[in-house]
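Asks: Below, each chain spelled out in residue letters.
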Amino acid sequence: MSATRAAVPPRHRLDHPGGRPVDRRRGSTLLRHLAVVLAAGLLLVAVSYAVEPFRNFQLATVAAYLCATAGLTVLTGLNGQLSLGHGALMATGAYTVALCQTAFADRGMTGGWLLPLSLGAAIVSTVAVGAVVGVAAARLRGPYLAGVTLAVAVVVPALAVTFDGVFNGEQGLSVPVEPPPLSLGPYFPYERWQLWVTGAATLLALLLLANLIRSRYGRTFRAVRDDEVAARLAGIHVARTQVLAFVVSAATAGLGGALLAVLAQSVSPGAFSLTLSLFLLMAVVIGGLGRLTGALWGAVLLVALPDLTHSLTDTLTLSPAVAQRLEGNLPLAIFGLTLIVVMIAAPGGVQGLLSRLGRALLARRPTRRS
Amino acid sequence: MDRFVFLTVDGLSRGAVYAAFALALVLIWRAARVVNFAQGAMAVAAAYVAYTVSTATGSYWLGFVVAIVAGLLLGALVDRVVMRHVDHASPLNPVIVALGLVLLIQAVLGMVYGSEFRPAEAPFSRSALTVGGVAVLSPYDLFVFATIGVVVSGLAWMFARTPVGLRMRAAAFAPEVSRLLGVNVGGMLTLGWALASGVGALAAMLVLPTELGLHPHAMDLVFVSAFTAAVVGGLDSPPGAVVGGLVVGLLLSYVSGYAGSDLTPLAVLVLLLAVLLVRPGGLFAPVAARRV
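Chains A and B, in that order, are what the protein sequence lines are. Residue 103 in the UniProt record's numbering sits at position 103 of the first sequence, and the numbers go up by one each step. Residue 202 in the UniProt record's numbering sits at position 202 of the second sequence, and the numbers go up by one each step.
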């Protein structure tokens, strides 16, 4: 992957037609992304000391979701393929990590390298599943693709019930995770350790994705999205590009699911239902399709919205039964309604609105100076 | 052999419902080039309305009629309030909006009715009658066949023989020309949504007693099966939807009868993938109709 240098002059960039030229900043893309990731990592460590354990756990959950939403952004936003099956891919990663960690624990193996190994195995298994679905998906368009991935989303949790000898049916599996290493001190909060682990994995994944987007492959993704015929005429192998995009986003979805399983220390089919797949899609659309920052907004929303509605239903004095109904369903209703409104009124999502705002401010500044 | 006959009849009875549901998908696809992913949720909403009316009045049939009326109204409402305002330039947009509707409808149903399963009553006995010692049809199966038969032939008659059907077909195939010739294209589109949603509500009323009962997610798997049926037939072909529905119903019945009901979702996925990989446009699609 030649992620370092964009050989295309700014005029020919496809990602912001008619907008600002993106490539104003000179220098190595990889170095710039590395600097951003390092800064984000330092910020994360600082935040992990500043906030209470529960917030650390929430941030870790945001990081795990961000992994999946970033991959889905690459697939749907940059390559134009709709997937309703990413919850199922997350389940694949989650079950793999559960099986690996259980196998390690049963054999009495310990060590810091076991968790990365399990996460790696989760990525490998999701890549395999993603490749199978991706090959089928590369031949399909629009509603057909959505229908197949919808079927995947329904089927994969059902498989866990069908083969309950391996996956333990509706109860699911537990994910044994080791405590933080002793070198960090005996009283190191577990939630902070969880944030470090998921944060590190997610930042690494984001670094790779950001470079992929800026590379030759990223440009072919967008070319295929914008005009398949033109892309084919320009010598791009359309099907191969689509399969690659699917596999990449499957790998990040698998990692995200594996991280979620590690955070919850358990995995069950109920956690990876069709609703989760819809939630992920919702998140990237509301965040803003086609930008990794949009994926971040989406991931934050996925964690913040249930929390907000929980505190809302707490302030209202309701009978326990009504409160329980509201708590489970109110975030869903808000998500659904927001999605419809965003698609109709502001297709750029949160990030689209923010960058429009930013551009408006930037455009005003020079006139004020002169 | 007895078992085979029983499974075949059961499969045809389920398949008839899938056929109706698939037909509803095809109706909207032909009129608006949208696959209505919210159809299952809309049908469940209509069924909940019927449940409320039936429990309040004690009459199954009043609930049945109300379900269809609620389906018609909901379809028209969804078209007028939501779908009409979506930018159809990318095929992804209406799909995403429909998924937003799924979340919204299911969440509202969950808030109003709670998420426990409620029994859906059947108007006729579901125990099979025996013919010559072999258990064949139940009265309920007969009711399902008769109802679906009336609906399918009624729709076919309407599209082929009535002025409204002609206008609807014209509006779907050549909206600009039809508009110039004085056809109310927007109205025809709304009518199409209403009809499709009404048929979907009817299908839900017929299938829910044979499933676990009423639940906000009760139609998720039925929707996937019906989508598969519509794809097997080719999304553009109403007779294809009917045949596809029967094929999917038979397949699911045999798989759950001989291999276990847990495997039916997997069988649907395999069938869907197999059909799409061999003929991406469906078995009944005209060869030249593929768009880029």
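Keep in mind that the hints were calculated from the coordinates and are not lab data. Since this is a predicted model, take the numbers as computed values, not measurements. Heads up, some of the hints might be wrong.
Chain B stretches covered by chain A per the calculated footprint, using a threshold of three residues with CB under 8 angstroms from any CB of chain A [unchecked claim]:
| id | segment |
| --- | --- |
| 1 | 80 to 91 |
| 2 | 226 to 233 |
| 3 | 269 to 278 |
Here are some chain B residues the structure puts well away from chain A; computed CB gaps all over 10 angstroms [as the list claims (entries may be wrong)]:
| id | residue |
| --- | --- |
| 4 | 35 |
| 5 | 37 |
| 6 | 110 |
Facing chain B, from chain A, some residues (calculated, C-beta under 7 angstroms) [unchecked claim]:
| id | residue |
| --- | --- |
| 7 | 132 |
| 8 | 138 |
| 9 | 240 |
| 10 | 243 |
| 11 | 271 |
| 12 | 274 |
| 13 | 318 |
| 14 | 320 |
| 15 | 323 |
| 16 | 346 |
Just so it is clear, CB atoms sit at the ideal spot from N, CA and C, and this is done for glycine as well.
Asks: Work down the list of hints and note, for each, if the structure agrees.
Replies: Hints, one by one, checked against the model:
1. 80 to 91: Satisfied; 6 residues make the cut.
2. 226 to 233: Answer holds; 3 residues pass the 8 angstroms Cβ test.
3. 269 to 278: holds (count 5)
4. 35: Since the minimum Cβ distance to chain A is about 4 angstroms, residue 35 of chain B lies within 10 angstroms and the statement is violated.
5. 37: violated (7 angstroms)
6. 110: Residue 110 of chain B is in fact no farther than 10 angstroms from some Cβ atom of chain A, at 4 angstroms.
7. 132: It is violated, given that the least Cβ distance between residue 132 of chain A and chain B is near 9 angstroms, above 7 angstroms.
8. 138: violated (11 angstroms)
9. 240: With Cβ-Cβ at 17 angstroms, over 7 angstroms, it is violated.
10. 243: Hint violated; residue 243 of chain A Cβ to chain B Cβ min 14 angstroms, cut 7 angstroms.
11. 271: With a minimum Cβ separation of about 15 angstroms from chain B (threshold 7 angstroms), the hint on residue 271 of chain A is violated.
12. 274: Where the cut-off is 7 angstroms and the nearest Cβ of chain B is about 6 angstroms from residue 274 of chain A, the hint holds.
13. 318: Hint on residue 318 of chain A: violated, closest Cβ of chain B at ~12 angstroms, above 7 angstroms.
14. 320: With a closest approach of 12 angstroms, the residue 320 of chain A hint is violated.
15. 323: Since chain B brings no Cβ nearer than about 11 angstroms to residue 323 of chain A, farther than 7 angstroms, the hint is violated.
16. 346: Status violated, d = 12 angstroms.
Checked against the numbered hints listed earlier, the structure breaks hints 4, 5, 6, 7, 8, 9, 10, 11, 13, 14, 15 and 16; every other hint is satisfied.
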